[in-house]
Amino acid sequence: AQTVTQSQPEMSVQEAETVTLSCTYDTSENNYYLFWYKQPPSRQMILVIRQEAYKQQNATENRFSVNFQKAAKSFSLKISDSQLGDTAMYFCASGGFKTIFGAGTRLFVKA
Amino acid sequence: KAGVTQTPRYLIKTRGQQVTLSCSPISGHRSVSWYQQTPGQGLQFLFEYFSETQRNKGNFPGRFSGRQFSNSRSEMNVSTLELGDSALYLCASRPGVDSSTDTQYFGPGTRLTVL
Chain A
1 AQTVTQSQPE
11 MSVQEAETVT
21 LSCTYDTSEN
31 NYYLFWYKQP
41 PSRQMILVIR
51 QEAYKQQNAT
61 ENRFSVNFQK
71 AAKSFSLKIS
81 DSQLGDTAMY
91 FCASGGFKTI
101 FGAGTRLFVK
111 A
Chain B
1001 KAGVTQTPRY
1011 LIKTRGQQVT
1021 LSCSPISGHR
1031 SVSWYQQTPG
1041 QGLQFLFEYF
1051 SETQRNKGNF
1061 PGRFSGRQFS
1071 NSRSEMNVST
1081 LELGDSALYL
1091 CASRPGVDSS
1101 TDTQYFGPGT
1111 RLTVL
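Those sequence lines, one after another, are chains A and B. Using the numbering used here, read the first sequence as starting at 1 and increasing by one per residue. Using the numbering used here, read the second sequence as starting at 1001 and increasing by one per residue.
Same shape as in the complex, but just chain B (with noise of 0.2 Å):
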């Protein structure tokens, strides 16, 4: 099988500007996470979709969002970019039925750089 596949990989926009991330899961799998990982703060929890409803988030503000596809594709969306933004996003996916037993499978990551 594939692999969880992320585009586009390197990124570079200005303050104020909107983003969009893409996340293609395993074939089969229902359940996309996204998470944000920075060096200070090591990896935050964003969001978790399965089956097109968002089933989890973290404590991030509202310019961050999601939505998951039918065919279970997911994509992110940050809105008036800011410095602090600037992070590596990752994104994994699972099957989703079970989320206490799940194994998680990471995708390459997006390097989103804000200047």
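So that you can see chain A by itself, here it is in the shape it has in the complex (with noise of 0.2 Å):
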């Protein structure tokens, strides 16, 4: 089965700073994406950054990058110079037949 576990339920960081979010997931896919979804306060889930099973570089999109550890099935999402904006919960999630989502990290980014 398909899981997707975020141990961090709420960090702070102070602006400007960066912070890691962590995720392991386990699938018995072999070929799928694995995807960091952002939810502000206003509810609107988008994608932050998504990362390719078969691709070694990990992603990046300007301030987000991820650590992706393939034999440990390790996702971290690392987000530099924190913004305000950044506040809100973040999913972890892994594509396949199903996508399966973690529980979440609630991130509060502090002036």
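Hints were generated in silico from the structure; no laboratory data involved. We treat Cβ as the ideally placed atom computed from N, Cα and C, and that holds for glycine. Wrong hints could be hidden among the right ones.
[Said to hold, decoys possible] Listed next, the in silico DSBU-like pairs over lysine-lysine satisfying Cα-Cα at most 35 Å (straight line):
| # | chain 1 | residue 1 | chain 2 | residue 2 |
| --- | --- | --- | --- | --- |
| 1 | B | K1057 | A | K55 |
| 2 | B | K1057 | B | K1013 |
| 3 | A | K55 | A | K70 |
| 4 | A | K78 | A | K110 |
| 5 | A | K98 | A | K73 |
| 6 | B | K1057 | A | K98 |
| 7 | A | K78 | B | K1057 |
| 8 | B | K1057 | A | K73 |
| 9 | A | K78 | A | K55 |
| 10 | A | K78 | A | K98 |
| 11 | A | K98 | A | K55 |
| 12 | B | K1057 | A | K70 |
| 13 | B | K1013 | A | K98 |
[Stated by the list, open to error] Here are some chain A residues the structure puts well away from chain B; computed CB gaps all over 12 Å:
| # | residue |
| --- | --- |
| 14 | T18 |
| 15 | R50 |
| 16 | Q69 |
| 17 | G85 |
| 18 | K98 |
| 19 | A111 |
Reconstruct the complex from the two isolated chains, following the hints.
Right under this line is the structure:
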């Protein structure tokens, strides 16, 4: 069965600092993507970044980057230069026959 | 392209009633998935429709059903509402051809409150 685990229910970071959100997953799929979604207080879920499992190079989108460790089934999200607008719930997800979401990490960026 | 739209955005019902929620996917997307989001249970997968057929199903009772039309729009129905059905219902669309690699795009959700 596919599982996604986010062990940090809540985190906080000072504006302009760097924060890393953890995620581990388990899947029997051979070809899959991994995703980080952001859900701000307004509730619209948006894609932050995605990683193709067969690519060793870590994905990067501006201030967002991932550390993908396939053997360890780990997929962490690093947010650099945190901004107040980064305050949101962050969900890690594993794509496959079904997309499975983790429980989420609530991130607070403090001024 | 227009994003995923969901109607209505807010709904208040009483126990025992039934409700229908609607989702219009991004143009060209053939897959629509439904999720229930609650503070206690997080995001739980309800079902996925692809080309008018239910392709995947989560672990929800038969009171939760859905359908998809030829234009890929989808509806979700909940019958005999219970207090525990109060939640944010999210719809997500994707092209749907390759489940493993598709990115899902979410709508704003329908907030259902059952009194």
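So, going through the hints one by one against the coordinates:
no. : hint                : in the structure
1   : K1057(B) x K55(A)   : holds, 30 Å
2   : K1057(B) x K1013(B) : holds, 25 Å
3   : K55(A) x K70(A)     : holds, 10 Å
4   : K78(A) x K110(A)    : holds, 17 Å
5   : K98(A) x K73(A)     : holds, 18 Å
6   : K1057(B) x K98(A)   : holds, 9 Å
7   : K78(A) x K1057(B)   : holds, 33 Å
8   : K1057(B) x K73(A)   : holds, 25 Å
9   : K78(A) x K55(A)     : holds, 18 Å
10  : K78(A) x K98(A)     : holds, 25 Å
11  : K98(A) x K55(A)     : holds, 21 Å
12  : K1057(B) x K70(A)   : holds, 28 Å
13  : K1013(B) x K98(A)   : holds, 30 Å
14  : T18                 : holds, 25 Å
15  : R50                 : violated, 6 Å
16  : Q69                 : holds, 19 Å
17  : G85                 : holds, 18 Å
18  : K98                 : violated, 5 Å
19  : A111                : holds, 26 Å
Of the hints listed earlier, those the structure fails to meet are numbers 15 and 18, in rising order.
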